[in-house]
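Asker: Reminder that position 111 of the sequence shown reads as 578 in this note's numbering, one-by-one numbering, no gaps.
Source of the hints: derived by calculation from the structure; they are not laboratory data.
Be aware that a few hints might be false.
Claimed, not checked - Restraint-style ranges between C-beta atoms, simulated for each label pair: (1) Leu531 with Thr480: 29 to 39 Å; (2) Gly575 with Val639: 43 to 53 Å; (3) Met627 with Asp529: 43 to 53 Å; (4) Ala533 with Arg475: 16 to 26 Å; (5) Glu519 with Gly575: 17 to 27 Å; (6) Met631 with Met518: 22 to 32 Å.
Using N, Cα and C, we set each Cβ at its ideal position, and we do this for glycine too.
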Amino acid sequence: MGSKGAYRFIRGTLADLERLPFARADNIDGAVQDAVRRELVKAGGRNKALMEYLRGQARYVDDLEALVDVGFTYANETFDRTGGHPFTDSEVRAIAASVLDWTQRKIGEGQYFVGTGRYLQLSHDAIDRVLPLGADALMLFMVLKRRSDHRQNLIVANDMRLTMPDGEWTLVRFRRARQILIDNGVL
Numbered sequence: 468m469g470s471k472g473a474y475r476f477i478r479g480t481l482a483d484l485e486r487l488p489f490a491r492a493d494n495i496d497g498a499v500q501d502a503v504r505r506e507l508v509k510a511g512g513r514n515k516a517l518m519e520y521l522r523g524q525a526r527y528v529d530d531l532e533a534l535v536d537v538g539f540t541y542a543n544e545t546f547d548r549t550g551g552h553p554f555t556d557s558e559v560r561a562i563a564a565s566v567l568d569w570t571q572r573k574i575g576e577g578q579y580f581v582g583t584g585r586y587l588q589l590s591h592d593a594i595d596r597v598l599p600l601g602a603d604a605l606m607l608f609m610v611l612k613r614r615s616d617h618r619q620n621l622i623v624a625n626d627m628r629l630t631m632p633d634g635e636w637t638l639v640r641f642r643r644a645r646q647i648l649i650d651n652g653v654l
């Protein structure tokens with residue numbers, strides 16, 4: 468129910484929703500975006516919001532002072548730093564220092580994936596267990612890992628065969644690949 472009554476479709480059906488394009492942020496008024504951002508990031512979420520933003524920016528700065536400057540700019544543009552819960556300069560500096568330390572540690576470990584898009588990380592042991600099982604088992608394993616979003620338990624439904632990356636698989640082919648993974652202790 469909307470404020471003026473029940474919602475209704477003007478054109479199309481519920482099935483059309485998944486085909487609609489995403490709203491592009493550049494088409495939205497900047498003042499509206501700023502107001503929404505301030506409303507969404509209240510006092511309890513400021514540190515997290517700043518930390519996430521700085522993690523995405525840390526790769527582009529040379530030192531802590533540059534990251535602190537980025538933090539001040541973001542905080543000044545995003546938060547009400549004069550209201551009832553001011554976001555102090557010392558808080559911004561502490562978060563920037565923490566982010567820079569975390570970023571340098573993750574880069575050193577080869578684990579810095581912020582701003583690079585989604586990733587799939589597999590151990591050599593997992594790769595070595597699956598490679599000898601054949602192309603279909605390997606493909607199914609990779610698809611399952613990619614779609615599981617790093618969960619330990621991989622969920623395998625027969626209808627996944629309809630959306631395999633190289634095209635629809637037959638049910639026999641899909642079940643064979645799944646059984647190979649089960650028989651070898653991968654699933």
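Asker: Verify the CB-CB distance for Met631 and Met518 against the hinted window 22 to 32 Å.
Answerer: The hinted range 22 to 32 Å is violated for Met631 and Met518, with Cβ atoms some 38 Å apart.
Asker: Taking the Cβ atom of Glu519 and the Cβ atom of Gly575, is their distance within the range 17 to 27 Å?
Answerer: With a Cβ separation near 21 Å, Glu519 and Gly575 satisfy 17 to 27 Å, so the hint holds.
Asker: If you check the beta carbons of Met627 and Asp529, does the distance land in 43 to 53 Å?
Answerer: Once the Cβ atoms are compared, 46 Å apart, the range 43 to 53 Å for Asp529 and Met627 holds.
Asker: State, for the Cβ atoms of Leu531 and Thr480, whether the hinted interval 29 to 39 Å holds or is violated.
Answerer: About 54 Å separates the Cβ atoms of Leu531 and Thr480, which means 29 to 39 Å is violated.
Asker: Please test the hint of 16 to 26 Å on the beta carbon pair from Ala533 and Arg475.
Answerer: Check failed, 52 Å falls outside 16 to 26 Å.
Asker: Regarding Gly575 and Val639, is the given constraint of 43 to 53 Å on their beta-carbon distance met?
Answerer: Since the Cβ atoms of Gly575 and Val639 sit about 48 Å apart, the hinted range of 43 to 53 Å holds.
Consistency note: the structure conflicts with the earlier hints numbered 1, 4, 6.
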